[in-house]
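Asks: These are the residues of each chain, in order.
There are 2 protein chains.
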Amino acid sequence: MSELRREPVLRRWVAISTSPSKGKKETCPFCPGSEGATPPETFVLRETGSRENGPGWWVRVVPNQYPLFRLEGGLGKRAEGMYDMMNNFGAHEVVIETPEHQQTWPEMELGQLERILQAYCQRSLSLRGDNRFRQILITKHHWGPKHHWDPTLEHLLHHPHSHIVAMPFIPARIEDEIRGVLEYQQRKERCIYCDIISQELRAQKRVILETDHFLTFAPYASRYPYETWVIPKSHFPDFAMLSGSQVTDLSQALKAIYTKMQKAFEEAMISMVLHTTPLQEFYREEYHWHIELRARLARPMGFEWGTGFFINYVAPEEAASVLRDIQ
Amino acid sequence: MSELRREPVLRRWVAISTSPSKGKKETCPFCPGSEGATPPETFVLRETGSRENGPGWWVRVVPNQYPLFRLEGGLGKRAEGMYDMMNNFGAHEVVIETPEHQQTWPEMELGQLERILQAYCQRSLSLRGDNRFRQILITKHHWGPKHHWDPTLEHLLHHPHSHIVAMPFIPARIEDEIRGVLEYQQRKERCIYCDIISQELRAQKRVILETDHFLTFAPYASRYPYETWVIPKSHFPDFAMLSGSQVTDLSQALKAIYTKMQKAFEEAMISMVLHTTPLQEFYREEYHWHIELRARLARPMGFEWGTGFFINYVAPEEAASVLRDIQ
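In order, the protein sequences belong to chains A and B. Numbering-wise, the first sequence is residues 37 to 363 according to our numbering. Numbering-wise, the second sequence is residues 37 to 363 according to our numbering.
I should point out that these hints are in silico values taken from the structure, not numbers from a laboratory. Errors might be hidden in some of the hints.
Because identical chains cannot be distinguished in the list, a pair is counted as satisfied if it fits within a single copy or across any two copies.
[To be verified] With a straight-line Cα cutoff of 30 angstroms, these simulated DSSO-like cross-link-like pairs (lysine-lysine) come out:
#1 Lys113 with Lys291
#2 Lys113 with Lys182
#3 Lys182 with Lys224
#4 Lys291 with Lys224
#5 Lys269 with Lys182
#6 Lys241 with Lys291
#7 Lys113 with Lys299
#8 Lys224 with Lys113
#9 Lys299 with Lys182
#10 Lys299 with Lys241
#11 Lys224 with Lys299
#12 Lys269 with Lys299
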């Protein structure tokens, strides 16, 4: 069973996804030579002369074989008594980031990171062709070379990859951000993220690094230890519209912050989510896209799961200072 | 440093709490005979003739020695540039649930569970005397006897205890629930939780157990595997106003669900948060108090931390069926 159900009180969608366990793979389906083990590629950057769905690629995007969202069956919105549900309609693709089975972002050439970002942009643009999609989300879990794989994660593929998901609703956090952005816009006639950037650049207390186009900093009310945001310094709603020079600059910023985080937390998983404007009639010029990063250091003990109230044991000023000092 | 900071976009309070590490205790400060190791009790149920802050108690409530919230300094609301902050003003007490150093809720006599619930109620009533408090939250982490203590949790006290927190703001999730409750009330002139209870009792697909006054069930859009709610079957906004017979009935319901969960997940930590109406001018007759429980089975891999979108790999119908069958 795989379906979306709406929490009746909070009116938020939850995926109930009880697909059969993926089991453990003998050979890596993401390595060159195993292209037949995945569905055909939806986007690829490859050597001239190399064949579609064969080796010779640098970055390859394919539909996820165990998708959280799928196109079959359409939206299928329906009631179950007082409750609302729909099919897990959407798209779920995997970006295979490199032909190398073991290669972290800090180890990659800048050009390779640029290719990954190009893949993100191109698929974001293509997927919005289906006007039933309201949001595209890009996420990545990054494993340092010393990461300890706990048994509950054994089924995950080690080969570096990220996820692109196109969904038929706007996830709770983006929806809340947009509400905040619009309220602020109405009151101040300015973008709240632009104001945050100005204040952070002035204060310099929580800045980690700055490139031509991007600011990397620890947000004032960080929910998690070492929470880090990477944000374009000028107002920019839509990640997919990045220019070539912005892509180059962003790949530098990302390589730098991943290098710092990996050095600081050799054993931690680093999780990333890219927040960008919703699509179609929900497209918001007022939104300011950004990346949120989190080093998953320990199982949080707090009660944030039941209250939405977060307790963070590392002040963002301290987090920024630690990460700033790592070269 | 310990302060509350408001996320500027989402307008939600986050605690930045960088208190010095608690270290590991040689002797348990919660065991009888060590009463001097805690601040003086704010509430106690004890044998007749036994002395205040001495042994002979059954349940004892004391201020937390390492409080997340404290009364000193008042609210101290102030700006930091465009950001809002305040002191971590509030109260943080610990309910020492039993004189026994190792005793789980399934092992306790019903009378002992009743005493714990009485302590929750009494402190909830006393603390609302301070009209700066907007919310009281009660939480508990429950460790089964076979729980594997991972090293990041070593500093926690094993002696059974729960937390009572009085805070000067309404936490995000309760605020969102109240918004949902009021919207539904306006549309239907009914309580949404009462409607959920009716539907669940009719459908019987997600019911785990039923006592005279309480329903225990797996909610339709459970965010977590084996998420479970315990809710009064009749409309009731304020946990602290429970009658004696309701306390007796609730202690039975809680003992039963904790027994089932502990049998199902011998090694899991079970976390509980009690949701009740906010206080003072935010008191809401329309609210319907309830308890939310979660078995913490594995580190969630999802991207819910960055999106607010949850993926649950166990259907609530399956969760309810598993828990129902355990005697």
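Asks: Give a verdict on every hint.
Replies: Against the structure, the hints:
When the C-alpha separation of Lys113 and Lys291 is checked against a cutoff of 30 angstroms, the pair qualifies neither within a copy, at 42 angstroms, nor between copies, at 39 angstroms. With identical chains, the CA atoms of Lys113 and Lys182 are never at most 30 angstroms apart, being 45 angstroms at best within one copy and 43 angstroms at best between copies. Within a single copy, Lys182 and Lys224 get their C-alpha atoms no closer than 47 angstroms, and across copies no closer than 55 angstroms, so neither meets the 30 angstroms cut-off. For a Cα distance limit of 30 angstroms, the shortest separation of Lys291 from Lys224 qualifies neither inside one copy, at 35 angstroms, nor across copies, at 53 angstroms.
Taking the shortest Cα distances, Lys269 and Lys182 never come within 30 angstroms of each other, neither inside one copy (33 angstroms) nor across copies (51 angstroms). For the identical chains of this complex, Lys241 and Lys291 are intra-copy neighbours only, at 22 angstroms inside a copy versus 50 angstroms across copies, given an alpha-carbon limit of 30 angstroms. Proximity of Lys113 and Lys299 under a CA criterion of 30 angstroms is satisfied in neither setting, with 47 angstroms inside one chain copy and 37 angstroms between copies. In this homomeric assembly, Lys224 and Lys113 come within 30 angstroms of each other (Cα to Cα) only across copies, at 22 angstroms, whereas the closest approach inside a single copy is 38 angstroms.
Taking the closest pair of Cα atoms, Lys299 and Lys182 come within 30 angstroms of each other only inside a single copy of the chain (10 angstroms); across copies the shortest separation is 35 angstroms, beyond that limit. For the identical chains of this complex, Lys299 and Lys241 are intra-copy neighbours only, at 21 angstroms inside a copy versus 49 angstroms across copies, given an alpha-carbon limit of 30 angstroms. When the C-alpha separation of Lys224 and Lys299 is checked against a cutoff of 30 angstroms, the pair qualifies neither within a copy, at 40 angstroms, nor between copies, at 56 angstroms. In this homomeric assembly, Lys269 and Lys299 come within 30 angstroms of each other (Cα to Cα) only inside a single copy, at 26 angstroms, whereas the closest approach across copies is 53 angstroms.
Of the hints listed earlier, those the structure fails to meet are numbers 1, 2, 3, 4, 5, 7, 11, in rising order.
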